[in-house]
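> Kindly produce the complete structure, drawing on both the sequences and the hints.
Quick note: the sequence shown, position 49, residue 49 per the numbering used here, numbers continuous.
Source of the hints: derived by calculation from the structure; they are not laboratory data.
One thing to keep in mind: the hints can contain errors.
[Stated by the list, open to error] Pair by pair, the computed Cβ-Cβ distance ranges are:
| id | residue 1 | residue 2 | range |
| --- | --- | --- | --- |
| 1 | GLN56 | VAL98 | 18 to 26 Å |
| 2 | ARG138 | LEU8 | 57 to 65 Å |
| 3 | GLN131 | HIS67 | 21 to 29 Å |
| 4 | GLN23 | ARG109 | 34 to 42 Å |
| 5 | PRO102 | ASP123 | 21 to 29 Å |
| 6 | THR21 | LEU115 | 16 to 24 Å |
| 7 | VAL95 | VAL128 | 15 to 23 Å |
| 8 | GLY92 | GLY55 | 28 to 36 Å |
| 9 | ASP69 | GLN23 | 31 to 39 Å |
| 10 | ALA90 | GLY127 | 15 to 23 Å |
| 11 | LEU6 | LEU139 | 53 to 61 Å |
Note that beta-carbon positions come from the ideal geometry of N, C-alpha and C, so glycine has one too.
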Amino acid sequence: MASVALALAVAVGGSGCTLVTYQATTEKYDASDGVRASVGDLEVRNLLIVKDDDGQDANVVFTVSNHGDTDADLEVGLVAGESESVEVPAGGQVVLGVEEEPLLLTGVRAAPGGLAELFLATDGAEGVEVQVPVLDGRLPEYRHLLP
Numbered sequence: 001m002a003s004v005a006l007a008l009a010v011a012v013g014g015s016g017c018t019l020v021t022y023q024a025t026t027e028k029y030d031a032s033d034g035v036r037a038s039v040g041d042l043e044v045r046n047l048l049i050v051k052d053d054d055g056q057d058a059n060v061v062f063t064v065s066n067h068g069d070t071d072a073d074l075e076v077g078l079v080a081g082e083s084e085s086v087e088v089p090a091g092g093q094v095v096l097g098v099e100e101e102p103l104l105l106t107g108v109r110a111a112p113g114g115l116a117e118l119f120l121a122t123d124g125a126e127g128v129e130v131q132v133p134v135l136d137g138r139l140p141e142y143r144h145l146l147p
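Here's what the structure looks like:
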């Protein structure tokens with residue numbers, strides 16, 4: 001009887017060990033080089049900037065999804081500088097920064113390895129400022145994204 005009680009105590013004690021253990025899978029994080037942001041019905045994912053060697057031009061790379069019922073315009077720009085507008089169809093998705101759809105900005109001061117501050121806005125929603133990683137073409141997987 002004592003051995004059964006001991007076995008039961010070990011089983012109950014051992015099965016509860018994850019009760020207070022940190023669960024990394026419950027944390028939301030960006031599992032890529034880019035960051036994410038939400039503005040209104042628009043979800044921006046894998047947002048990053050790729051700069052050329054002379055540092056003048058920058059390609060803003062991201063995917064944006066529209067979860068709303070109407071088309072939306074996403075305004076993407078430097079906090080203190082120029083901006084570009086992107087039309088995102090209702091229920092649709094747009095990928096920007098690749099060969100077919102570059103989104104170029106000038107005046108990005110952050111060096112590769114640093115963070116640039118972008119502003120994202122859309123009609124009917126409060127805009128957001130996002131710290132965006134700046135990369136260059138040193139890694140082969142980003143060379144085709146150079147402006």
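> Now, for every hint given, state plainly whether the structure supports it.
Going down the list of hints, with the structure as the test:
1. GLN56 <-> VAL98: 18 to 26 Å: holds (20 Å)
2. ARG138 <-> LEU8: 57 to 65 Å: Distance hint for ARG138, LEU8 holds at roughly 59 Å.
3. GLN131 <-> HIS67: 21 to 29 Å: 24 Å Cβ-Cβ, so the 21 to 29 Å window holds.
4. GLN23 <-> ARG109: 34 to 42 Å: Hint holds: Cβ distance 39 Å, inside 34 to 42 Å.
5. PRO102 <-> ASP123: 21 to 29 Å: holds (24 Å)
6. THR21 <-> LEU115: 16 to 24 Å: Given a distance of about 32 Å, which is not inside 16 to 24 Å, the answer is violated.
7. VAL95 <-> VAL128: 15 to 23 Å: holds (20 Å)
8. GLY92 <-> GLY55: 28 to 36 Å: holds (34 Å)
9. ASP69 <-> GLN23: 31 to 39 Å: Holds, at about 36 Å.
10. ALA90 <-> GLY127: 15 to 23 Å: 20 Å Cβ-Cβ, so the 15 to 23 Å window holds.
11. LEU6 <-> LEU139: 53 to 61 Å: holds (57 Å)
Hint compliance for this structure: hint 6 is the single one not met.
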